[in-house]
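Protein sequence lines, in the order shown, are assigned to chains D and Y.
Residue numbering for the first sequence follows our numbering, beginning at 1 and increasing consecutively.
Residue numbering for the second sequence follows our numbering, beginning at 1 and increasing consecutively.
If you're looking for bench data, these hints aren't it; they were derived computationally from the structure.
Just so you have them, the derived chain D footprint on chain Y, three or more residues with Cβ under 8 Å:
#1 264-278
#2 292-306
#3 356-366
Cβ atoms here follow ideal geometry from the backbone N, Cα and C, with glycine treated the same way.
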Amino acid sequence: MGEHRNWPERLHVVTGKGGTGKSTVAAALALGLAAGGRRTLLVEVEGRQGIAQLFGLDPLPYSERRVATTSGGGEVRALAVDAEEALLEYLDMFYKLGAAGRALRKVGAIDFATTIAPGLRDVLLTGKVKEATTRSQDGRRFYDAVVLDAPPTGRVGRFLNVTEETARLVKVGPIKTQSESVASLLRSPMTAVHVVTLLEEMPVQETLDAIAELSALHIPIGRVVVNGARQALLAEGKVTKAEIKRGLTAAGLPASPAMVSQLTAEAQAHLTRRELEESLRMELTELNRPMVELPLLPDGVDRPALDELAALLMRA
Amino acid sequence: MVADLSAPRLDVDGLLADPAIRIVVCCGAGGVGKTTTAAALGLRAAETHGRRTVVLTIDPARRLAQSMGLTELDNTPRQVKGIDVERSGGELHAMMLDMKRTFDEVVEQHTSPKRAAEIFANPFYQAMSSTFAGTQEYMAMEKLGQLRAGEEWDLIVVDTPPSRSALDFLDAPARLSRFLDGRMLRLLLAPARSGGRSMFSLVTASFGLFSRAVQKILGAQLLTDLSGFVAALDSMFGGFRQRADQTYQILQDPQTAFLLVAAPERDAIREAAYFAERLVAERMPLSGLVLNRMHTTEPGGLTAEASEAAAERLADTGDNPVTADVLRIHAALLRQAEREAAVAAEFTGSFPSVPTGSVAAQPADVHDVDGLRTIGALLALS
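For reference, chain Y alone in the conformation it holds in the complex (with noise of 0.2 Å):
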């Protein structure tokens, strides 16, 4: 049973059959069931739809990561197996996102071994590209780059990274971008440009101050190091950018289909609405909400109201104590998807053109290919 949301239905089969649609980025909040409605999404156009599909993902749970087939990071798509692909002739693969190495791919391919080999054991490379803030969402979007310029795949479908806000996966190219392309960068690197011995060398008197602090505080071997490493990435400079720019309008085009993955709590909600927002403003296909572990019932039973009155009258008379607490279930759950409907309504008041999907909660966690598979079919349904 579907809850009313009175937004229009999102067509998910559609979506997965249309040849045109080349990427699906599922993006949400942390926890609401993204990982696992990627891969469930990635299933079902490889088997209903017979389209050669991978699913990448970044931070999957270990037995969902388990059931399909994805036992170590190693960056690479690997086919899932045991799925019934027979008659659609579809094919499903998955990778795990390693985001150290992809950082390393992207240096080696924009500078030589040698550079390359000094790059890697700096000690601001090593911090830098395993918790720079945003290092994540930008080797997600490198990574998608990559896989789609191969035009090996009909269909990819990305798990967005586990972000603190939802915002962060658009805004973390832009932010190396401005970072790299910063003030603070230029300054550090006139010398290197004009061929100076000390990094300071070219200063205004802030930075005279700041040089000054700096190797007050942190030491001269720092100032060392992170001069060697500005210098690296200077050289791989205009890589970045182009890069970063590149994937950026990708997912700008057509070929690509935003969905919003909410758990109808109001955080997550609030959440998709800033995300719906920002989709809209960057000019990015916003494709439909996703809304798992919805709660329904069947319409036109007993009332939440009748059931707890009935569950009281059973409980004075202490016979019939099954039924009682059967009874206050039936009352809590019709509350609990009361609560939630009314919580998704905000998203779908906001946002009344956007199309939307439920699914039911399951009453386990899903980490199998049958699991994935109604899922699957839940959403093409609702």
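For reference, chain D alone in the conformation it holds in the complex (with noise of 0.2 Å):
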């Protein structure tokens, strides 16, 4: 039991441009980090049910679900917080509503609440999270770890800002305290925001903004995540025709002026391409974080390829 060493923290908060596979990362280091008989929890916000289609399952409900055991006898649990959701719990613990939160629901309170104040959706989704981080039974940790999959880049920033955004609404009270408890949470070295990038534009300018931003918020950042690597072809940086015409010739293929003009073309196209990762990589190297690069996975994700993610992400 206990943490494990290369990732310690116990609140994992993943980020990333849409599209970079952040969900993929998020549940592939939550099995990761509940190897060896351990617990951990991935939680989702945004009602995408991406952990459910990561794990081949049915929607999952409102309440922390087994969805994959590890070696040792551990366990990744899984829980879709909504707002709604939570709202009433949370008004439950404190104000025992009962009936009156359903009533509440009916005249579409909750619902109100919620959209006038967004802040609020926030400060409810993460302090449902930082409950189950903190969580302890007979003396212990409940969960050894907990991974957030978060909202992407663009607005992972006010979504961890909590205080801030409540603040504006909301001066006294237990909202106030609860979101002043969040926001301690997250700033603490029990937290890291890693962020999920691939060697594409957009998205490494994406991870430069949201460290800048989480930089400035005080909240500590993980690790740069570079998903889907590819493997590093023609190490020289250059073909020529008659290279390349030697060598099918070679290889007993057939060497027309045609395939070996085609053959180059897509050479010089990977180089190309091949270059601008290679700045995009100095880019994200000058940051100063640890950073991991996990393959590209062609055939899709499925059980044994989080495995493998997970692996890599382990050893980093």
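Since each chain sits alone in its own frame, please combine them into the complex, following the hints.
Here it is as structure tokens:
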């Protein structure tokens, strides 16, 4: 039991531009951290049911369900947090509303409250994450680690900056207290925000922007995860037609001019792409944050693929 | 080379040249090249078809915005210089949406200056105008309505917001108007409308509980702010609804063409399929699917298996390492093209009558006018 040496934090927040595979990375991290008999919780907050899709399950209800078991009796549980349910749970906990809570839902009060004050929604969502992270049973932590599949880079700063957003509306009372306690967890060494990116211009730009924004908010940054990294080919960095012609002949293949031209053009495009990737990788390196590279999964994401990514993450 | 998608071909030039088409809406999941597609279509409409075109973008990549001369978010169309419109006589203008400013303008239009100042100072307005889920979508619609009402443009190309889900774009105006028309809002407004002093004077049993809970949890100041905001919204209520409904009708009109933009990835295609279903259900004119970043190869060349086997043979001898790598690159490209065609076929299988166009993946990202022109030409060729 206890924490994983390379990933000592208890709350791992995973963000990244849409399409970079942040949900996949979050799931792999939850699996990796659950290895060796540990228990982790994988949380999603945007109602996308991405976890269910990844693990090939029916949509998750608002309860912590086991979605995977790991070596040594470990398990990953998953939770799709719903702001409305979280608010009712919260009100019930503090105010014992009972039937009145259901009545609130009926008049649309909850929808109203979370619509008119989006910051409130985020406090509820992050509040639930905090509760799970700090929950204990028989004097021990219930979860060894919690992995949050967070909103994408463009929204993550606002999402995690809960105090600021609520303070504009709420000056006193338990919601304020709640948001302050969430804020202090998010700014403590127990938390790390990992940013997932591809070696493409927009995701890298958003990664740089998000890290700058989160740093300014004093929220601790963990790793930069480069997803979908491709195998490095043509290390020499150049090709000639003569060389390809010779090679094709040696391999017993037809070496028509058309074929040689086509292969040369494809190789050139690959080199152009790689040069761009190299310069983007440099930009990321200059952040001076620990970086992990995960390979492209051409055949899609299934459990063996997630386990492979989990193993790579744990080694990093 | 074009992938065989066995769907009707999307006639981009026919669409852009048609004087009856006044609005092109590009929609799709985030990160599929929507903004680039919108900009490339706008450029082609101006350069090739001589149309006075405006591109409304929501959140463009910095360098793409710069390439169109958009250096700041000032909420008015700016003419794009340095494009080739001498022969065609067209014009290209571009603007970035400033959500907050558009909201402010709507408020100013629908209420007195004094009331508007009160609304701007209300913390709920501040929160809602910058963060309300759907405000960006709603304001994009509002801006589109404004641009169209001016009759100043031959063609308006809209790049929809990078929503969590592409569907938010269609739902947001309805959500906002449902919200404004909601039972909760009416409950909060009841005393104001009947001239009562306490905002909770006319309450149901459950609402009494609610107000007590709210007082306890959130404090009285918040209630004062909330009631002020709600009363202010109420004064603009009719105007809001009317605008949203008008824009919605424009979207259903044949002057509008919806283009779904997707990348050949499972999530993006799934999103495009949901969106196509919705457009059909809402009787919105769906004109086609644009598949960006397609990988293709010349037909009749080496197969992936043959290339991989040959690369292995070369690797075993240790000679010709460059050719071995070139063959591996070729094999990977073929496999990728195959996967992408299979993913795209999931869409075309479900919507066989939707015309489809594709744009080959570019080795580097597009961030200048030349790049946009190339994309436009590829799209017209496909």
